[in-house]
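Enquirer: Each chain, letter by letter, is given below.
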Amino acid sequence: MIKNYLKIAWRSIKSDKLFTFIKVGGFAMGIAACLLIALFIKDELSYDQQYENKDRIYRVVLQGFMDGEIKKSVHFQLPFADALQSDFPEIEKAGKINMSELFGAGKRGLRLTGESQNNFEDGFVFANQNILEILEITLVQGNTKEALLQPDNIVISKSKADKYFPEGNALGKSIVLDNNTSRPYTITGVMPDFPKKSHLQFNFLLPIEDTNMSWTNQNYFTYVLVDENASIPALEKKMFSIMENYIIPAQLAYGRDPAFIQVLKTVEYKLQPIADIHLRSDLAMGDGLKHGDIRFVWLFGAIAGFILLLACINFINLSTAKSANRAKEVGMRKTVGAYKNNLVAQFLTESVLYSLISFLLGLMLAWVLLPTFNEIAAKSILFPWEVWWFVPLMASSALFIGIIAGMYPAFYLSSFRPVNVLKGSLSVGSKSGNLRSGLVVFQFAASVILIIGTLIIYKQMDYILHKELGYDKDQVVILEGANILGNKSESFKAQLLQLPQVQAVTKSDYLPIDGAKRNGNTFKKVGEGIEDRGIPAQFWRVDYDYIKTLGVKVKEGRDFSREIASDSINSMIINAKMAQDLGYENPIGKYINNGRDWTIVGVVQDFHFKSLKEDISALTLVVANNDLGAISVKLKSDNIGGGLAAIEAIWNKNVPNQAFAYSFLDQKFTQMHEDVQRMGKIFNSFALFAILVACLGLFALSAFMVEQRKKEISIRLVLGAPFKSIYKLLTLDFLKLIVIAILIAIPIGWYMMNRWLEDFAYKVDIGWEIFLSAGGIAMAVAVATISYQSIGAALIKPLKSLRTE
Amino acid sequence: MLLQLNNIFKWVNSGGQRIFLLKDINLTVAEGEFISVMGPSGSGKSTLLNVIGMLDNFDEGEYSFLNEPVHTLKEKNRANLYKQYIGFVFQSYHLLDDLTVKENLEMPLLYKKVGSSERKSLVADTLDRFNIVGKKDLFPSQLSGGQQQLVGIARALISSPKLILADEPTGNLNSKQGEEIMELFKQLNNEGVTIIQVTHSEKNATYGSRTINLLDGRQINALNG
Numbered sequence: 001m002i003k004n005y006l007k008i009a010w011r012s013i014k015s016d017k018l019f020t021f022i023k024v025g026g027f028a029m030g031i032a033a034c035l036l037i038a039l040f041i042k043d044e045l046s047y048d049q050q051y052e053n054k055d056r057i058y059r060v061v062l063q064g065f066m067d068g069e070i071k072k073s074v075h076f077q078l079p080f081a082d083a084l085q086s087d088f089p090e091i092e093k094a095g096k097i098n099m100s101e102l103f104g105a106g107k108r109g110l111r112l113t114g115e116s117q118n119n120f121e122d123g124f125v126f127a128n129q130n131i132l133e134i135l136e137i138t139l140v141q142g143n144t145k146e147a148l149l150q151p152d153n154i155v156i157s158k159s160k161a162d163k164y165f166p167e168g169n170a171l172g173k174s175i176v177l178d179n180n181t182s183r184p185y186t187i188t189g190v191m192p193d194f195p196k197k198s199h200l201q202f203n204f205l206l207p208i209e210d211t212n213m214s215w216t217n218q219n220y221f222t223y224v225l226v227d228e229n230a231s232i233p234a235l236e237k238k239m240f241s242i243m244e245n246y247i248i249p250a251q252l253a254y255g256r257d258p259a260f261i262q263v264l265k266t267v268e269y270k271l272q273p274i275a276d277i278h279l280r281s282d283l284a285m286g287d288g289l290k291h292g293d294i295r296f297v298w299l300f301g302a303i304a305g306f307i308l309l310l311a312c313i314n315f316i317n318l319s320t321a322k323s324a325n326r327a328k329e330v331g332m333r334k335t336v337g338a339y340k341n342n343l344v345a346q347f348l349t350e351s352v353l354y355s356l357i358s359f360l361l362g363l364m365l366a367w368v369l370l371p372t373f374n375e376i377a378a379k380s381i382l383f384p385w386e387v388w389w390f391v392p393l394m395a396s397s398a399l400f401i402g403i404i405a406g407m408y409p410a411f412y413l414s415s416f417r418p419v420n421v422l423k424g425s426l427s428v429g430s431k432s433g434n435l436r437s438g439l440v441v442f443q444f445a446a447s448v449i450l451i452i453g454t455l456i457i458y459k460q461m462d463y464i465l466h467k468e469l470g471y472d473k474d475q476v477v478i479l480e481g482a483n484i485l486g487n488k489s490e491s492f493k494a495q496l497l498q499l500p501q502v503q504a505v506t507k508s509d510y511l512p513i514d515g516a517k518r519n520g521n522t523f524k525k526v527g528e529g530i531e532d533r534g535i536p537a538q539f540w541r542v543d544y545d546y547i548k549t550l551g552v553k554v555k556e557g558r559d560f561s562r563e564i565a566s567d568s569i570n571s572m573i574i575n576a577k578m579a580q581d582l583g584y585e586n587p588i589g590k591y592i593n594n595g596r597d598w599t600i601v602g603v604v605q606d607f608h609f610k611s612l613k614e615d616i617s618a619l620t621l622v623v624a625n626n627d628l629g630a631i632s633v634k635l636k637s638d639n640i641g642g643g644l645a646a647i648e649a650i651w652n653k654n655v656p657n658q659a660f661a662y663s664f665l666d667q668k669f670t671q672m673h674e675d676v677q678r679m680g681k682i683f684n685s686f687a688l689f690a691i692l693v694a695c696l697g698l699f700a701l702s703a704f705m706v707e708q709r710k711k712e713i714s715i716r717l718v719l720g721a722p723f724k725s726i727y728k729l730l731t732l733d734f735l736k737l738i739v740i741a742i743l744i745a746i747p748i749g750w751y752m753m754n755r756w757l758e759d760f761a762y763k764v765d766i767g768w769e770i771f772l773s774a775g776g777i778a779m780a781v782a783v784a785t786i787s788y789q790s791i792g793a794a795l796i797k798p799l800k801s802l803r804t805e
Numbered sequence: 001m002l003l004q005l006n007n008i009f010k011w012v013n014s015g016g017q018r019i020f021l022l023k024d025i026n027l028t029v030a031e032g033e034f035i036s037v038m039g040p041s042g043s044g045k046s047t048l049l050n051v052i053g054m055l056d057n058f059d060e061g062e063y064s065f066l067n068e069p070v071h072t073l074k075e076k077n078r079a080n081l082y083k084q085y086i087g088f089v090f091q092s093y094h095l096l097d098d099l100t101v102k103e104n105l106e107m108p109l110l111y112k113k114v115g116s117s118e119r120k121s122l123v124a125d126t127l128d129r130f131n132i133v134g135k136k137d138l139f140p141s142q143l144s145g146g147q148q149q150l151v152g153i154a155r156a157l158i159s160s161p162k163l164i165l166a167d168e169p170t171g172n173l174n175s176k177q178g179e180e181i182m183e184l185f186k187q188l189n190n191e192g193v194t195i196i197q198v199t200h201s202e203k204n205a206t207y208g209s210r211t212i213n214l215l216d217g218r219q220i221n222a223l224n225g
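Residue numbers (the UniProt record's numbering), protein chains in the order written: chain A, 1 to 805; chain B, 1 to 225.
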């Protein structure tokens, strides 16, 4: 029997190729989209799952209420971890990591002792021995127990070991960092590369060199391994004793005013499970790591569900749409002896067969699209063929969805009474018109919401990438690893300025992009109220040409000048936000103090030195002679290539032992907003998917409607109805539904996108034109889809559909 | 006696009025009869056939088929009854377009759960008997109307029903094809199959052993045999 069912199903699939194509194609697209999203979500959720003790590893977070908002921080004092370990028996181990570039983490020039060629490497970090143990880093070479105990130890990753020591043994080899031959490091361990799905990604672990045991400097991420029986909330509460016993006394001794101490008394310590760090970290923590976002995981999950639902709805609609043709078959089969359950089984078999084919196609489609998807999502997801449950899961899903989607048509069709269908008196499907209209409205509302989302994301992206930033990011080349120049940097700069292609050159590690150096300080107004608890601001060390090179506008006062001797001693330029925070109407000539006094000589216009998700905060600039490693060159607009070549020639003359590497400021800026762009692209592609699927659904429904009304149309045509009136008759009904869908979608889309935009400090307005164009697009697509059927219907030969009577 | 209808009424209510489709039909059919039902359009011929075939219900009266009181049976048992004993032949053949001749013939047997080897031999016999062996792998659309109706009749007969109900079996055929089909019915009747046919044609009616005339749902000059 089943063979017979399959044969019939196969014949019916073959007999109407266009219909089958739409039915299977739409379903396959839905499945492919769903599968890709599922893989994406699975990938996002699988970060930091590799630790044996993952339920016991936490990152410490400080949470306080300040200036009316919750502030979080993950930076702690050098002695913090040690105090945790000694004061709380529940904490088995506490480790610390310093990722700050101020200390020399990040990028460094590296070479083997005895060689001359420097290599520019990234991923340097300072960590203590406990980190190796907490993060379960088992060295592939070297002794895990003592690899980071001595100040000249260095642990390198397997891939870097393979790069520098292809013959195999890296252990005990000596390396030099940043030309500092007086202080070589000895490789004491080779660690496996950090898994791709780890929130931490390092290549070189250095022992902590910092010896400043002060309780007032915060530079260390602190990770703890907690005893399995410990109560986390209780431990979090107990941890406040660190604040009471160490930090507050130290701050009082430092001379902090009572207001600040009051704030400290309200903060809380929290323990963040290591597996939560990737997806559930606030931007406000400022940990500088690349994160996922749990909200996007939910959003994409919802989209995947939507698309699958749309595809299933289509599947059902297409099956019932064809029921007029199948009704005769049902009647016939019943008269020759078929029972209802025979027919149900037959239609379910057919539906499962469709579903299996769709799944196969969907799998193939997803497999073909995966590389593109990986590129867009910056992932390296692989198809989990080798996972034992993958193929059975797909097969059983196909079976399940096939049965679910086939259920309605199967029972609907098999319930036809033979005498009715054979007599031709049954108008098929007229009963469930409301359900079907509801499904159309649902599908199109979902599509319109996605279109609105797409348009707003696009508009916001465009806004960010073209916003007036307050500085000129174009044609600025950043020379990577220029700190290698050391004391030659001033003459190097002079040589660059000789080049006709170069407009300006500046030296400073502080740049308005992610990954550049940052240095938060607290300032007090000199000679005013002692109650003031200090104004936090960035404190950047720059050179005389910084403002000129970046094209920042001086609003009041003046730029730094080499002619004025005091500029290299105690002159300071602040941004407008700092002036506002200080509360100075006219800040020029005022003094502020962060341990030493500075005279304000100028105010620059605010410029965006952080991601546009964040507000511009207070900033101060001083001329200094340290932190000037990075060199930025502003080129004249014509002939960038020539400019680069000329710079490279000068570089090679000055630094023969390190390759010339550069990046552009505008590229770095774009990278800074890559996550938004990426999410936008993913969102757009899946929105497109959903719209396509919905259109197929509409196509199916209009086909259904035409099928149903063929006789009516024929009679109208025979009676002399013009083409136009038939077309209108068939199209208007659907357009009404589309209008309802648009009206439903607009408030939902508005609400959702408003929530999304809340994330940005600088955002576009959601104007009416967005809704107009979203509605317009949906309408145009719908009209095009329906017209295909309506025109076909209006052109039928009436005799053909009336002849059977 | 194969079946007996006693005072069968069937009506629909339309706008407060009761319109009779069948009115007081009395009919006894013995095995081996060949009955023609005649009457103008709308006289209730097809309705009567559907009632006899148990495809349609009636509102009043008694119907016994092989001594089973059909009017008291549940829908399901009724369906079992007709599936076992009655074969249908339609004016527009109602073959399944997606199936070949052989598969169309096989279909009733599949639903009766006839075993594979028996099924094959029955299909082969039937193809042979109707002289359509050469057409067994063709689809209905590749056949002429007469040939399609031949397959329709063969399909109705394959599960050896006691009664064949034919609703204008020659209505879509030209006269020569029609004649051939009627000859076939005649021959089948001679072999012992009971046939009730609805027809418009006096000539076709003469193939039958007796004729029932209907007008507005009533029998006229009824001959209760």
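The set of hints was computed from the structure by calculation and includes no laboratory data.
Because the structure is a prediction, the values reported are computed rather than measured.
Don't be surprised by glycine CBs; every beta carbon is placed ideally from N, CA and C.
Don't take every hint at face value.
[Claimed, not checked] Label-pair distances were calculated between CB atoms; the ranges are:
no., chain 1, residue 1, chain 2, residue 2, range
1, A, L732, B, S141, 56 to 64 angstroms
2, B, S141, A, L735, 58 to 66 angstroms
3, A, P722, B, Q142, 37 to 45 angstroms
4, B, G145, A, A784, 35 to 43 angstroms
5, A, V739, B, D97, 19 to 27 angstroms
6, A, P722, B, S141, 50 to 58 angstroms
7, A, K724, B, S160, 29 to 37 angstroms
8, B, S141, A, E386, 23 to 31 angstroms
9, A, S725, B, S160, 24 to 32 angstroms
10, A, L45, B, Q142, 30 to 38 angstroms
11, A, C312, B, N26, 50 to 58 angstroms
Enquirer: Please test the hint of 50 to 58 angstroms on the beta carbon pair from C312 of chain A and N26 of chain B.
Expert: Given a distance of about 54 angstroms, which is inside 50 to 58 angstroms, the answer is holds.
Enquirer: Verify the CB-CB distance for L732 of chain A and S141 of chain B against the hinted window 56 to 64 angstroms.
Expert: Violated, at about 37 angstroms.
Enquirer: Do the beta carbons of P722 of chain A and S141 of chain B sit within 50 to 58 angstroms of each other?
Expert: Roughly 34 angstroms apart at Cβ, these two residues miss the hinted range, so it is violated.
Enquirer: How does the Cβ-Cβ distance of L45 of chain A and Q142 of chain B compare with 30 to 38 angstroms: does it lie in that range?
Expert: violated (58 angstroms)
Enquirer: Given the range 19 to 27 angstroms, decide if the beta-carbon distance of V739 of chain A to D97 of chain B lies inside it.
Expert: violated (40 angstroms)
Enquirer: When you take the CB atoms of G145 of chain B and A784 of chain A, is the distance between them in 35 to 43 angstroms?
Expert: holds (41 angstroms)
Enquirer: With respect to the beta-carbon atoms only, verify the hint that K724 of chain A and S160 of chain B lie 29 to 37 angstroms apart.
Expert: violated (58 angstroms)
Enquirer: Tell me if the beta carbons of P722 of chain A and Q142 of chain B are separated by a distance inside 37 to 45 angstroms.
Expert: holds (38 angstroms)
Enquirer: Could you see if the CB distance from S141 of chain B to L735 of chain A stays within 58 to 66 angstroms?
Expert: violated (38 angstroms)
Enquirer: So does S725 of chain A sit 24 to 32 angstroms from S160 of chain B, Cβ to Cβ?
Expert: Violated: the Cβ-Cβ distance is about 55 angstroms, outside 24 to 32 angstroms.
Enquirer: Honestly, do S141 of chain B and E386 of chain A meet the 23 to 31 angstroms range at C-beta?
Expert: Cβ of S141 of chain B to Cβ of E386 of chain A: about 49 angstroms, so the range 23 to 31 angstroms is violated.
The structure is inconsistent with the numbered hints 1, 2, 5, 6, 7, 8, 9 and 10, although it conforms to all the rest.
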